[in-house]
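First to last, the sequence lines map onto chains A and B.
Note that the first sequence ends on residue 234 in the numbering used here; no numbers are left out.
Note that the second sequence ends on residue 260 in the numbering used here; no numbers are left out.
Incorrect hints may appear among the rest.
Calculated from the model, a selection of chain B residues having no Cβ within reach of chain A, i.e. all distances over 10 Å [said to hold, decoys possible]:
1. S27
2. G76
3. L77
4. L80
5. T84
6. L88
7. E135
8. A146
9. S158
10. Q161
11. A191
12. A205
13. E217
Just a few of them, taken from the derived set where beta-carbon distance is under 7 Å, the chain A residues facing chain B [unchecked claim]:
14. M8
15. S9
16. S28
17. A81
18. V82
19. G87
20. A91
21. G96
22. V97
Everything labelled a hint here was simulated from the structure, so no lab data went into it.
All of these numbers come straight from a predicted model, not from anything done at the bench.
Backbone N, C-alpha and C define an ideal beta-carbon position, used for all residues, glycine too.
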Amino acid sequence: MSTLRIARLVAAKDLRIEWNSRVFVNQVLPFAGVTMVIFAFALDADSVLQRVAPGLVWLATMFSMLVLVQRAFAVETSDGALDALRVAGVDPRAIYLGKAVALGAQLLVLEVVLLFAAVVLYGQTIPAAGAVLLVITLISATCGLAAVGTLYGGLAAGFTGRETLLPLLTLPAVAPVLIGATRAVEAALGTAGAVVSDGWPWVGLLVVFAVAFGVGGALAFGPLIDE
Amino acid sequence: MSVVELDDAVAVLGQFPALAGATLRVEAGEIVLLRGPNGAGKTTLLRLCAGLLPLVRGTGSVLGLDLTTHRESIRRTVGLLGHQNGLYLDLTVAENVRFWGSTVGASEGEMRSAMQRLDVADRLADVAVSRLSAGQKRRTALACLVARRAQLWLLDEPHAGLDASARDELDATLREASSAGATIVVASHELERAGNLATRAVDVIAGRVHDVVPGDPGAGNQDVVPGDPGAGNQA
Numbered sequence: 008m009s010t011l012r013i014a015r016l017v018a019a020k021d022l023r024i025e026w027n028s029r030v031f032v033n034q035v036l037p038f039a040g041v042t043m044v045i046f047a048f049a050l051d052a053d054s055v056l057q058r059v060a061p062g063l064v065w066l067a068t069m070f071s072m073l074v075l076v077q078r079a080f081a082v083e084t085s086d087g088a089l090d091a092l093r094v095a096g097v098d099p100r101a102i103y104l105g106k107a108v109a110l111g112a113q114l115l116v117l118e119v120v121l122l123f124a125a126v127v128l129y130g131q132t133i134p135a136a137g138a139v140l141l142v143i144t145l146i147s148a149t150c151g152l153a154a155v156g157t158l159y160g161g162l163a164a165g166f167t168g169r170e171t172l173l174p175l176l177t178l179p180a181v182a183p184v185l186i187g188a189t190r191a192v193e194a195a196l197g198t199a200g201a202v203v204s205d206g207w208p209w210v211g212l213l214v215v216f217a218v219a220f221g222v223g224g225a226l227a228f229g230p231l232i233d234e
Numbered sequence: 026m027s028v029v030e031l032d033d034a035v036a037v038l039g040q041f042p043a044l045a046g047a048t049l050r051v052e053a054g055e056i057v058l059l060r061g062p063n064g065a066g067k068t069t070l071l072r073l074c075a076g077l078l079p080l081v082r083g084t085g086s087v088l089g090l091d092l093t094t095h096r097e098s099i100r101r102t103v104g105l106l107g108h109q110n111g112l113y114l115d116l117t118v119a120e121n122v123r124f125w126g127s128t129v130g131a132s133e134g135e136m137r138s139a140m141q142r143l144d145v146a147d148r149l150a151d152v153a154v155s156r157l158s159a160g161q162k163r164r165t166a167l168a169c170l171v172a173r174r175a176q177l178w179l180l181d182e183p184h185a186g187l188d189a190s191a192r193d194e195l196d197a198t199l200r201e202a203s204s205a206g207a208t209i210v211v212a213s214h215e216l217e218r219a220g221n222l223a224t225r226a227v228d229v230i231a232g233r234v235h236d237v238v239p240g241d242p243g244a245g246n247q248d249v250v251p252g253d254p255g256a257g258n259q260a
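This is chain A alone, in the form it adopts within the complex (with noise of 0.2 Å):
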């Protein structure tokens, strides 16, 4: 079985368990849109909110991120099914593969509602000019942030405490995620007077850091899960 078609088991799997068990539908999304109306009461004001409405985003999707990250590892350490997927000798690139594709799909529409809360909530518009860049920055930062949560749950879900290690060690390493996103969804919605073009040599700091932990990721994942 080649690397590529086990990942996609993988893959499916996940999704299935998410379809099966809604975690993903009745808890973490009400989560991100609460954090979104929270982060609306802190900040109050409208101009206040559409300023900072691009960063908000993005941190209530890092926050939902550290939940789906440790549900998409505690379906594996529950009942010892990654043990037993490193017992069967299944290729441990494929599991990270597999579960970075299932991560980052989850992700991916969890940013969809979310920029559409912010629409409602904070008013914030989306002009068409700037959806080119606007789509382009979701893939590459979601394709970002599900490697480096894959590789940090799979090496937090081997150590007692993980639940608290995993913000611990995530967090620091999706700053630059969290910058880089910011800043290009700024100049896709044109916040503060920023221009689409401002975005993409931000867009091109997501993309070197989606590659970077996505093969670094594929490559320690097997050490990392191993004793």
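With chain A held as given, fit chain B onto it using these hints.
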């Protein structure tokens, strides 16, 4: 050719030689019981045979594959079942079996046959694993082993956590698997039950394997203190 061949095998956990020169032969179709106290090396022996631990000294092969050079290949041919079942609780029985079978390219027919063999094909197929009893979960885990074509089953305390009827079910399943050609190595403290199941028993004491003398009631169940030099002189 034996399914398992270990000669003077040494495996270490950290700095501690958990297996200190173990020699063991297991033939196809056998059910071999590993007896011995906690810390004697039973689980280490199973993990070595599963290709999860490196062979530090001595020689060994599993299903004809060398333990020093083909550990990854060995992993694909054996199934190790410990205290946990390795199942996805939010998937149904059929979805679990299908996933594990698909990792080795098993056909739909093979997977269906695995479920039928372990009696989880009909009423239980579409039930989420989280809703199964402990015995049903164990049967599902074994169906996954069959679906992914494990030729050597390594079972660590397979009766743990099961009630009497689930234990009977498990024993019947293992006997049937053995008669169908599977080779099974079982580590257990439950000497009477596992002894009735096994075709042969060996004692594992202080990291060494000793053939059981007929009539021997079994190695004690007292814990072994790591590094205790006296522990190995009992058999």
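Evaluated hints:
no.: 1; hint: S27; verdict: holds (21 Å)
no.: 2; hint: G76; verdict: violated (7 Å)
no.: 3; hint: L77; verdict: violated (6 Å)
no.: 4; hint: L80; verdict: holds (15 Å)
no.: 5; hint: T84; verdict: holds (21 Å)
no.: 6; hint: L88; verdict: holds (13 Å)
no.: 7; hint: E135; verdict: holds (14 Å)
no.: 8; hint: A146; verdict: holds (19 Å)
no.: 9; hint: S158; verdict: holds (14 Å)
no.: 10; hint: Q161; verdict: holds (13 Å)
no.: 11; hint: A191; verdict: holds (16 Å)
no.: 12; hint: A205; verdict: holds (20 Å)
no.: 13; hint: E217; verdict: holds (27 Å)
no.: 14; hint: M8; verdict: holds (6 Å)
no.: 15; hint: S9; verdict: violated (10 Å)
no.: 16; hint: S28; verdict: holds (4 Å)
no.: 17; hint: A81; verdict: violated (10 Å)
no.: 18; hint: V82; verdict: holds (6 Å)
no.: 19; hint: G87; verdict: holds (3 Å)
no.: 20; hint: A91; verdict: holds (3 Å)
no.: 21; hint: G96; verdict: holds (3 Å)
no.: 22; hint: V97; verdict: holds (6 Å)
The structure is inconsistent with the numbered hints 2, 3, 15 and 17, although it conforms to all the rest.
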